[in-house]
Amino acid sequence: MKEYNFFLGCIAPNRYPGIEASAVKTSRKFDIELSDFKGASCCPAPGAFGSMDVDAWLALGARNICLSEKEGKDIALICNGCYKSLFEANHRLKADPALKEKINAILANIDTEFQGTIEVRHLIDILYNDVGTEKVKESVEVPLTGLNVAIHYGCHLLKPKFDRTFGSSERPRFFDELVEALGATSVEYKEKMMCCGAGGGVRSYKIDLALDMCNEKLYNMTQANADVIVNVCPFCYLQLDRGQVEIKEKFGDVYDLPVLHYNQLLGIAQGMSPEELGLDANEIDVEPLLAKIL
Amino acid sequence: MASEGIRNPKHEQLGRAKLDPDLIKEVEARGGKNAQMCYQCGTCTASCPMGPRSGLRVRTIMRKANLGMREVLDDPDLWLCTTCYTCSDRCPRRIMATDAIIALRNLATQEHKVPMSMIKIMGSISKTGHGVPNSEGNKKKRVLLGLPENPPTTHSYPEYIKDINKILEVTGLLKIKEEMEAENQ
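As given, the protein sequences belong to chains A and B, one line each in that order. Oh and the first sequence: position 101 is 101 in our numbering, straight run, nothing missing. Oh and the second sequence: position 37 is 37 in our numbering, straight run, nothing missing.
In case anyone wonders, no lab produced these hints; they're calculated from the structure. Where is the CB? At the ideal position from N, CA and C, for every residue including glycine. Check before you lean on any hint, since a few could be wrong.
Said to hold, decoys possible - The list that follows gives simulated cross-link-like pairs (lysine-lysine, BS3-like), each with its CA atoms no further than 30 Å apart:
{"no.": "1", "chain 1": "A", "residue 1": "LYS137", "chain 2": "A", "residue 2": "LYS161"}
{"no.": "2", "chain 1": "B", "residue 1": "LYS33", "chain 2": "A", "residue 2": "LYS206"}
{"no.": "3", "chain 1": "B", "residue 1": "LYS141", "chain 2": "A", "residue 2": "LYS161"}
{"no.": "4", "chain 1": "A", "residue 1": "LYS73", "chain 2": "A", "residue 2": "LYS25"}
{"no.": "5", "chain 1": "A", "residue 1": "LYS25", "chain 2": "B", "residue 2": "LYS139"}
{"no.": "6", "chain 1": "B", "residue 1": "LYS141", "chain 2": "A", "residue 2": "LYS73"}
{"no.": "7", "chain 1": "A", "residue 1": "LYS100", "chain 2": "B", "residue 2": "LYS113"}
{"no.": "8", "chain 1": "A", "residue 1": "LYS102", "chain 2": "B", "residue 2": "LYS141"}
{"no.": "9", "chain 1": "B", "residue 1": "LYS120", "chain 2": "B", "residue 2": "LYS162"}
{"no.": "10", "chain 1": "A", "residue 1": "LYS70", "chain 2": "B", "residue 2": "LYS166"}
{"no.": "11", "chain 1": "A", "residue 1": "LYS135", "chain 2": "A", "residue 2": "LYS29"}
{"no.": "12", "chain 1": "B", "residue 1": "LYS120", "chain 2": "A", "residue 2": "LYS38"}
{"no.": "13", "chain 1": "A", "residue 1": "LYS250", "chain 2": "B", "residue 2": "LYS120"}
{"no.": "14", "chain 1": "A", "residue 1": "LYS70", "chain 2": "B", "residue 2": "LYS162"}
{"no.": "15", "chain 1": "A", "residue 1": "LYS137", "chain 2": "B", "residue 2": "LYS162"}
{"no.": "16", "chain 1": "B", "residue 1": "LYS25", "chain 2": "A", "residue 2": "LYS248"}
{"no.": "17", "chain 1": "B", "residue 1": "LYS139", "chain 2": "B", "residue 2": "LYS113"}
{"no.": "18", "chain 1": "A", "residue 1": "LYS38", "chain 2": "B", "residue 2": "LYS33"}
{"no.": "19", "chain 1": "B", "residue 1": "LYS162", "chain 2": "A", "residue 2": "LYS73"}
{"no.": "20", "chain 1": "A", "residue 1": "LYS248", "chain 2": "B", "residue 2": "LYS141"}
{"no.": "21", "chain 1": "A", "residue 1": "LYS94", "chain 2": "A", "residue 2": "LYS70"}
{"no.": "22", "chain 1": "A", "residue 1": "LYS38", "chain 2": "A", "residue 2": "LYS192"}
{"no.": "23", "chain 1": "B", "residue 1": "LYS33", "chain 2": "A", "residue 2": "LYS100"}
{"no.": "24", "chain 1": "A", "residue 1": "LYS102", "chain 2": "A", "residue 2": "LYS161"}
{"no.": "25", "chain 1": "B", "residue 1": "LYS175", "chain 2": "A", "residue 2": "LYS29"}
{"no.": "26", "chain 1": "A", "residue 1": "LYS206", "chain 2": "A", "residue 2": "LYS190"}
{"no.": "27", "chain 1": "B", "residue 1": "LYS141", "chain 2": "A", "residue 2": "LYS100"}
{"no.": "28", "chain 1": "A", "residue 1": "LYS94", "chain 2": "B", "residue 2": "LYS141"}
{"no.": "29", "chain 1": "B", "residue 1": "LYS175", "chain 2": "B", "residue 2": "LYS140"}
{"no.": "30", "chain 1": "B", "residue 1": "LYS113", "chain 2": "A", "residue 2": "LYS73"}
What the hints assert, rightly or not - Derived CB-CB ranges, DEER-like:
{"no.": "31", "chain 1": "B", "residue 1": "ARG94", "chain 2": "A", "residue 2": "GLY72", "range": "44 to 50 Å"}
{"no.": "32", "chain 1": "A", "residue 1": "GLU138", "chain 2": "B", "residue 2": "ASN184", "range": "38 to 44 Å"}
{"no.": "33", "chain 1": "A", "residue 1": "MET1", "chain 2": "B", "residue 2": "GLY146", "range": "19 to 25 Å"}
{"no.": "34", "chain 1": "B", "residue 1": "GLY172", "chain 2": "A", "residue 2": "THR145", "range": "33 to 39 Å"}
{"no.": "35", "chain 1": "A", "residue 1": "GLU138", "chain 2": "B", "residue 2": "TYR39", "range": "50 to 56 Å"}
{"no.": "36", "chain 1": "A", "residue 1": "ASN225", "chain 2": "B", "residue 2": "GLY146", "range": "51 to 57 Å"}
{"no.": "37", "chain 1": "B", "residue 1": "ASN34", "chain 2": "A", "residue 2": "ASN220", "range": "31 to 37 Å"}
{"no.": "38", "chain 1": "A", "residue 1": "GLY72", "chain 2": "B", "residue 2": "SER126", "range": "26 to 32 Å"}
{"no.": "39", "chain 1": "A", "residue 1": "GLU134", "chain 2": "B", "residue 2": "SER126", "range": "44 to 50 Å"}
{"no.": "40", "chain 1": "A", "residue 1": "LYS190", "chain 2": "B", "residue 2": "GLN110", "range": "39 to 45 Å"}
Only chain A is shown next, with the shape it has when bound in the complex:
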């Protein structure tokens, strides 16, 4: 069994707790234990917080990493925003001694020192690279045959590519393979790699523009006959789910396209009930989707 400190971030535990619950439950099927990570905070939000002060953003991210260093555990997380903050803080401080010294000078004020002794992993990376699609496939009890999935990778999982390990950010395949391992079909749609529109603090600064971008994505997904949007970022999830309600109010466009985190889709395929995956917390009703596959 491999144990990780489970970094929750904000939106998963505080808005869509089904994402948190499904990650823990589905990971146990692969002998991965996601443990309570005591005292962790907001990563902090890279776009909004990093925009105010990059050094403070790195220092607050490093504070979270240092808590896990003290326990000697690697970090697993389920949000692309958290991934940007913690993965980048971790590898930048490891790679750049001058930056490490600068951030450690800030951390000295709280008697903390970044050592660089642990790894920060996105759960989708662990599933693909450590567990592998074959084992994921073996865990399936309810194959999702005939389900059209519009995959949304989310920007900060892949970009900037020179600060990541996934290779191409233009035409990646690993997430598609993990969806296909469940028996579902990953549909090709226009501008698949486009941003959801929420990041960088734009959703809270100018929501109409954030939603306009989201609207274009949703339109492109429905044009490809998608039954569901699957993503690995609770902030994209919120934008794509709650955003549909806001888009209906503001622009009158209706999609009714359910949104799931990959761990929730995996949970359905592993035979878990919609209730234990927290699907009832969604704004957009998942019933039509469940009727199609269960």
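Place chain B on chain A using the hints.
Structure of chain B alone, referenced to chain A:
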């Protein structure tokens, strides 16, 4: 010490008394690496998903930063970048234009030109440790899932919040927050 700057009669006519050659150095120092290498090809603007629906023009921002036009810090469109990094991944000069924009936003924050929506997020982190804190309705949803009402974060261990505020204090952000809250009352 800011240098005298390059005087340009055209800019003086437009009310721009001088250009600040240190601006681009500040941008590079704050993470916008190699920003001076920009040769204005426009791949960034062409790749930007926000561009077609707003006034955000990444190439223009890069040009203004390189010319030392500090008024770029007053541009409200500076805050329309969703930080998707498409421009950065496609830049033929390997410039992180997104990081240059973030660096300019950092400089704007120093001058109290940051939107209050950002300051509110900082306020929430300062108070609870979370940018998006828990809610009563969400606590019920958590319990139904077999999870504790509050996650094992600063919500369950508020004694860790003082360290967060110490970092906000020593980096000067807490002061900016307090001053801007007072200015906007």
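Between B:GLY172 and A:THR145, is the Cβ distance one that fits in 33 to 39 Å?
-> 57 Å, violated
For the pair A:LYS190 and B:GLN110, does the Cβ-Cβ distance stay inside 39 to 45 Å?
-> 40 Å, holds
Has the given pair, A:LYS38 with B:LYS33, been kept, meaning a C-alpha gap of at most 30 Å?
-> 35 Å, violated
Under the criterion that the straight-line Cα-Cα distance not exceed 30 Å, is the pair A:LYS70, B:LYS166 satisfied?
-> Holds. A:LYS70 to B:LYS166 sits at ~20 Å (cutoff 30 Å).
Restraint check for A:LYS38 with A:LYS192, where alpha carbons must lie at most 30 Å apart = Distance of about 37 Å is beyond 30 Å: violated.
If you draw a straight line from the CA of A:LYS250 to the CA of B:LYS120, is it 30 Å or shorter?
-> 24 Å, holds
Take the C-alpha atoms of A:LYS73 and A:LYS25, compute the straight-line distance between them, and say whether it is at most 30 Å.
-> 20 Å, holds
Would you check the hint for B:LYS139 and B:LYS113, treating anything up to 30 Å between C-alpha atoms as holding?
-> 36 Å, violated
Do the Cβ positions of B:ASN34 and A:ASN220 conform to the proposed distance bound of 31 to 37 Å?
-> 34 Å, holds
Straight-line Cα separation of B:LYS141 and A:LYS161 no greater than 30 Å?
-> 37 Å, violated
Given hint A:LYS70 paired with A:LYS94 - CA-CA distance at most 30 Å | Cα-Cα ~16 Å, so holds.
With a cut-off of 30 Å on the C-alpha distance, tell me whether A:LYS25 and B:LYS139 pass.
-> 19 Å, holds
Consistency note: the structure conflicts with the earlier hints numbered 3, 8, 15, 16, 17, 18, 22, 25, 27, 28, 29, 30, 31, 32, 34, 36.
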